[in-house]
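Respectively, the protein sequence lines represent chains U and R. Taken in order, the first sequence gives residues 1 to 154; the numbers are from my numbering. Taken in order, the second sequence gives residues 155 to 872; the numbers are from my numbering.
Derived by calculation from the structure, the hints in this document are not laboratory data. No false leads were slipped in.
Computed footprint of chain R on chain U, listed as stretches where at least three residues anywhere in the stretch have a Cβ under 8 Å from a Cβ of chain R:
id, region
1, 13-19
2, 29-36
3, 80-89
4, 99-112
5, 116-126
Each computed DSSO-like pair below joins lysine-lysine, with the alpha-carbon atoms no more than 30 Å apart:
id, chain 1, residue 1, chain 2, residue 2
6, R, K402, U, K2
7, R, K355, R, K248
8, R, K649, R, K478
9, R, K835, R, K721
10, R, K355, U, K150
11, R, K253, R, K510
With the Cβ distance kept under 7 Å, some of the chain U side facing chain R (calculated, not the full set):
id, residue
12, D26
13, V93
14, G96
15, Y135
16, Q136
Ideal placement from N, C-alpha and C gives every residue a C-beta, glycine not left out.
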Amino acid sequence: MKLTINGVEREVEASPDMPLLWVLRDLVGLTGTKFGCGIAQCGACTVHLDGAPRRSCVTPVAATVGKAVTTIEGLSSDGRHPVQRAWAELDVVQCGYCQSGQIMAAAALLAARSDPSDADIDAALTGNICRCGTYQRIRAAVHRAAALAKEAAQ
Amino acid sequence: MTDVTPPTRREFLKTSMLMSGSLVVAFVLPGANRLMALQEPQAGGPFIPNAFVRVGSDDSVTILLAHSEMGQGIWTSLPMLVAEELDADWSKIKVQHAKAAPVYAHTTIGLQMTGGSTTTLSEFDRYRQAGATARALLVQAAAQRFGVKPADCRTENGVVIAGKQRARYGELAGAAAKLPPLKEVSLKDPKEWKLIGKPMKRLDTPEKITGRAQFGIDVRFPGMLTAVVARPPVFGGTVKSFDAGAAKAVPGVRKVVQVPTGVAVVADHFWAAKLGRDALKIDWDLGPNASLDSAALREQFRHIADTAGATAAEAGSVTEGLRKAAKTIAAEYAFPYLAHAPMEPENCTVRITRGKCEIWAGTQFQGMDQQIAARITGLKPEQVDIHTTFLGGGFGRRANFQSDFVAEAVQVAKAASAPVKTVWTREDDVRGGYYRSAFLHRARIGLGADGLPVAWLHSVVGQSNLIGTPFEKLAVKDGIDPTSVEGLADSPYLKETPHHRVDLHSPRTGIPVLWWRSVGNSHTAFVVETLIDELAQAARKDPVEYRRLLLKRYPRHLGVLNLAVEKAGWGRRPPARHARGVAVHSAFGSFAAQVAEVSIESDRIRVHRVVCAIDCGIVINPETIAAQMESGIAFGLSAALHGALHFKDGRVQESNFHDYRVLRLNEMPVVEVHIVHSTEKPGGVGEVAVPHIAPAVANAVAQLTGRRLRELPLRLNA
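Extracted from the complex, chain U is given alone in its bound form:
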């Protein structure tokens, strides 16, 4: 199977129904995308498929052929995506395990809505669980990322 992951073409040998999550983690070696529940309930495994957020734990790898897969490792080359910068500015992370998924979900939201409201953020990120309870900072950081993206665009 030929996949395009973070702009790079990769040949993987996997059964077509193997979830993308395990292809990424165990076959390709991109471990930034995390396993949290396996049933699309926690969002830790969120990646982008042609720019849209997807739960990779329930996405069969065959469904991603011909599409662009973006993982946390490919979100930016230098960790300076506006979402990542906002996350650093507001000291969002604690244990950090869910944060790849949170950041990918937030980046997809900002790509779709450049100035999201609190209700937009709730809708886009309520599917992403954080047991450390960093939610308040996540909400603030999404707003901050929107501002940073706007500054960068100007």
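For chain U, the structure is supplied; the task is to place chain R on it using the hints.
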């Protein structure tokens, strides 16, 4: 938990050694080894060097952590302690987890571990000493080089300066490493602190926002296989027989092996192992717990509460006091079993080679893990290398006396004769035991004519975390596991009640139980703080005024209470259809109060805002403290609104986040944290904010509905 003298008075002898051109500051702690109640004697003799800081010739300052970073922020706060005394250049700080060794044992518990919100308690002196010792040696080396006295040198930002002469720490590291040990070093006067008390950004952020941070589950190396284990559907069950045929037919499955905890399917990757496990046919002997049932357990606990228990606290004559009371209030409270459900499911990677066992794990309990792995492999503890990774949450789950997920992974690697990463699914985690026990409380309180409590009879029923473990001898006295009654038996309200008694019952049920973030306080604070609110109501007093009356002799309780209510605008009317509830509680050497602003929307409890005041003594990093208050509130609110496990026919009914619900972003209140300035010795912060939120919310709900909810999770239509 032990009878050990506090670390502040310990004499530190210092040795130093040269390690790849770097200065390694190492300590020998006289008497440290007598703390190793749970450790095998070490082959290296009675004194083991204890290394915390390395100064590299490249000017880097590497801090080795004796404790595990699981979100609580010690990756930043422990380096701050070293850097403060070392006058290090903060931009040159590197951090890593230390390997498992007795010398990294917790300074009061005597075992290498992270828990009980005690990292700062354990390390506040030790890590400052480490920095001060390194600095003193670098100054000596510089003084020799400059031809001046050490007293004529000063240090600043990684440089030693004397007049016009300057030398960077990296330039001095080699010479400093050759200097003889120092007998003692002095620490800075707190007035000179530049870092301690200053808000510092987390040092682990860059790795954690780019996917580079390595958690246990991310460990990979050539030849490593992955296992998923089928465990009995009922606690205490065992394998009668199994058919591995279909499992072995799954592409990628290499081996199917039996281990003490079940049957492990070992494969090239997780997905194959998981499919293989699904294909296993196992005949289980369900053992003695196959009829466990939550409703029956609740009844059993209620019957037990009627009998005499072990006395955890007593004063005066409670029977007499109750008889004379002007008014009495009686109530019963119930709490469910709870899973920790850290975001990273349990996992552990093990490679056993001749004379060596290597373990990679996000663990809170290296000291125990090392001994248990040694026992399983027949090696000595020092032949077991533990590489601690970042922990994707801990909350107590990654510290238990069986080292369950580590021990099992060692068994799997041993049985498979291969290096194996054993990974749990979320279902395995939720159904895997080591829960916060269910608890039942019964209280009867008599009020005097002034409305204040004169008699308080309290009975607690719940499983013990410590009975039956190696800590039982140290911590359980006269049948009282202090972790079952903490927050109640030591409550100031109880102490202010002239006649009181707390009885404890610790039944055994077959369900493995464990400390869960804030431990006993997770249930006792709810009972105590909702009861006090109810007493205030009975006495027709404002809940804050009533607490102030009872807390007159407790200035730190009063301090946080007053600060929280002031910042929350307690006296002012809340927004329409909103109500405020308050709770104040001390745990882990710290004091906190919370005011929750709550409404009820379509029969659901909604928490809008929480104002939290915290007095944790000397503040190291206010950023960490604010983050931990937010975190504790979210964790406590998860349990207050959602958390519950149920048993039927011995089986846990919940399995994943759809039915074992936890707090989500749309339920997160606005949290404001206010920190009390204090010069008291540092207390804990990681667990301190968990206990208050459930009672604060329940007290607000009582304002809104007139009903006292006495069970968690809070249910309006129960």
